[in-house]
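> Now for the letters of each chain:
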Amino acid sequence: MRQQDFSDRHPSFMAGLEPLSRRGFLRGSVLAGAALSAGCARLLGRKEAPEALEYEHLEPNEVRTLRRLTEVLIPASEGLPSSIEEVPTLGNIDSMAGKMPPQTRELFGLALWVFERRPMVSFSFTRFSNLDDDDALEYIRSMQQASFFERGLTTTLKTVVTLNYWRDERTWPALDYWGPVTEKWGVTRLGNAPLPRA
Amino acid sequence: MSATVQKSGLAVTTAADVKQQRLDLKADVVIVGSGAGGAVTAYELARKGLDVVVLEAGPYVPSKDFTEKFNDMLETLYQDHGGQTNADGDLLLLQGRCVGGSTVVNGCVCFRTPEFILQKWQQQYGLPELTEQALRPYFERVEKNLAIHENEEWEIARHSQLLRTGAENLGWSVRPFKRNINQCALTGHCLSGCKSERKQSMLVTYLPWAAAHGARIYADTEVTRVRADNGRATGVDAQIMDPEQGKVADLRVTADRVILAAGAVQTPLLLQKSGLGNSSGQVGRNFACHPSMFVLARFPEPVHPWKGALLGTYVDEFMDPDKGGFILEGGGLGASEMALLNEPGTGKPFMHYMEDMKHYSGIVTLIHDHSVGEISWQEETKQVDYRIAEADFPTMQQSIKASARLQFAAGADKVFVPSYQPLEINSVDEIDPVVDGLVNEPNSLRLVSYHPQGSCRMGPDPASSVVNVRGESHDVAGLYVADASLFPTSTIVNPQVTVYALAHWVADGMLADMNRAA
Chain A
1 MRQQDFSDRH PSFMAGLEPL SRRGFLRGSV LAGAALSAGC ARLLGRKEAP EALEYEHLEP
61 NEVRTLRRLT EVLIPASEGL PSSIEEVPTL GNIDSMAGKM PPQTRELFGL ALWVFERRPM
121 VSFSFTRFSN LDDDDALEYI RSMQQASFFE RGLTTTLKTV VTLNYWRDER TWPALDYWGP
181 VTEKWGVTRL GNAPLPRA
Chain B
1 MSATVQKSGL AVTTAADVKQ QRLDLKADVV IVGSGAGGAV TAYELARKGL DVVVLEAGPY
61 VPSKDFTEKF NDMLETLYQD HGGQTNADGD LLLLQGRCVG GSTVVNGCVC FRTPEFILQK
121 WQQQYGLPEL TEQALRPYFE RVEKNLAIHE NEEWEIARHS QLLRTGAENL GWSVRPFKRN
181 INQCALTGHC LSGCKSERKQ SMLVTYLPWA AAHGARIYAD TEVTRVRADN GRATGVDAQI
241 MDPEQGKVAD LRVTADRVIL AAGAVQTPLL LQKSGLGNSS GQVGRNFACH PSMFVLARFP
301 EPVHPWKGAL LGTYVDEFMD PDKGGFILEG GGLGASEMAL LNEPGTGKPF MHYMEDMKHY
361 SGIVTLIHDH SVGEISWQEE TKQVDYRIAE ADFPTMQQSI KASARLQFAA GADKVFVPSY
421 QPLEINSVDE IDPVVDGLVN EPNSLRLVSY HPQGSCRMGP DPASSVVNVR GESHDVAGLY
481 VADASLFPTS TIVNPQVTVY ALAHWVADGM LADMNRAA
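Top line first, the protein sequences correspond to chains A and B. Each residue of the first sequence is one higher than the last, beginning at 1 in our numbering. Each residue of the second sequence is one higher than the last, beginning at 1 in our numbering.
Derived by calculation from the structure, the hints in this document are not laboratory data. Careful, some of the hints might be misleading.
[Said to hold, decoys possible] Here are a few chain A residues that sit away from chain B, every Cβ distance over 10 Å (derived from the structure):
(1) Glu59
(2) Arg67
(3) Arg68
(4) Gly91
(5) Val114
(6) Arg127
[What the hints assert, rightly or not] Covered, in the sense of this in silico footprint (three residues per stretch, anywhere, with C-beta under 8 Å from a C-beta of chain B), are these stretches of chain A:
(7) 72-85
(8) 93-107
(9) 139-150
(10) 174-188
All residues carry an ideal CB built from backbone N, CA and C; glycine is no exception.
My request is simple: use the sequences and hints to build the entire structure.
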């Protein structure tokens, strides 16, 4: 049996995150979190990497977190296109963010803000986007084995990233997945059904 | 003059067609929602000569524009672009939000309401009228209209053949599904809409038929309020919203009869926002949703789970609540669903899992869940409170165990537990210890609801139900509900035929009342 032990391995660096699971806090702090990061960036006059400016709906700090997450979740694999250089995973997420309702977008921003800063407690004040591959993987696995809030947060972000990679048809040949077929096969459309006879 | 149906497409007014800032319409009946309930009532009333207006919040997307790319279609055709969840965020609620509603994006599975469910409604919920005998003509009519038939052998894909093999090896009852499809093209893209118009959804059946009888259909139109005066419905207010530009016009429809058929999440929200029909305090309560899981297994030989009809066979061995209260459905999936529905690990393990995709086959579990959920507004935001009831969790576990047992009996070498943590089962002996270790808490199981239901339940008592057995509000004359909100309990099986039949039943009741009044 390969069941991973997750019941009692609540890493110490996760302690104290539980209050974030209260929805009131989530809602109340979402704007504060976004304002804080944006405000600090302005205060310090930080210059963003040129690639961060390519995205219309994601903040530069969000791009940093998502880029690192993409690199760790979808490592290079033979026969599959790069999740950064070839498939526009981040561009797809940017587009998705642009379509989110305001509340969802705010929560998404808060989730990234928390996920980015959570490792600072146990990884020598290092943010997620600065962790090396091994530490980043350890952090993600620990989050998935922690309380329901951390599990939900991590799974949500993982899903956002992976869906926006595998949705690209350049990834499909390696899976043998056939994708859209109706036009390729020349399947005719049947149109509307005739009126029923009384 | 006899009615004529368009050969293809549908006459729909969209936001792009509207040039005025305000529209005022009059009709005999205004229907909110164009899915299973809205389309059937629209046709059944329009063909009797009533002037019908149908308002759909979602866009009109003709079949030719379906891309067969699941992510694209989630964003285009589904409620909240496919992101509708419960308050905990661990239950994905997939509902269509487009002209034709969920019927456009469902898996075509058709069941009549099981006899034991109808008996429960009769005996425990005071609805003696809803007998199998009374509903049979409605079932028969819709089955004929929608080409509902039992899958033939060529419609049973490899994944569903494996389900059948496993069940037969275990001596369990297994059957082919009935589906509303005409000459299935076996593309496997049902959940993205049927591009070749073989699925007999409302988009290619009841809606064009209603339009042929004069029904006017508006897309991009969000109803904001049901209007009533002196205890009688008088119409609705709505906004016509361009998907890109936002509001383009206000719309008022004045009508003596209003039918709500926006689905079991949106219908109670609209009633609550309107401050109508809730003297019982039951609007939004008793919500059930068929929380389902996708139990994936790896087989030594390629299965290609995306090939062929999406749903082929099902196990009904455990359908009776005394035998477990769940069913197992053999279902296919594509690349996005593979990435979404299981947790095989992070990094390289995840990549290997995806690269191995053609070897996987899945089982969809459906349970007869208790009606423990509630739909409400929290400030300006809708909230779906639903957690797996303690009474239902053992059933969820049993359904996972049965799925795993069946897959090993069919030859699988590994089964994934649909959990948030990576959990695998590698032999029959491991099934019980692994599944018994699951805990009923948020973000434990990967849950999807395709069948929200029961948030405006019908019943005879105005103190404990929202509408009567004919779907009319106990509080507001002329205000009806004709969607899955009506259900007193969950149905255990895919509910579309139950909605069709009850919508027709509601329409007939309305017509009878009108005839009596005339």
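> So which of the earlier hints does this model not fit?
none
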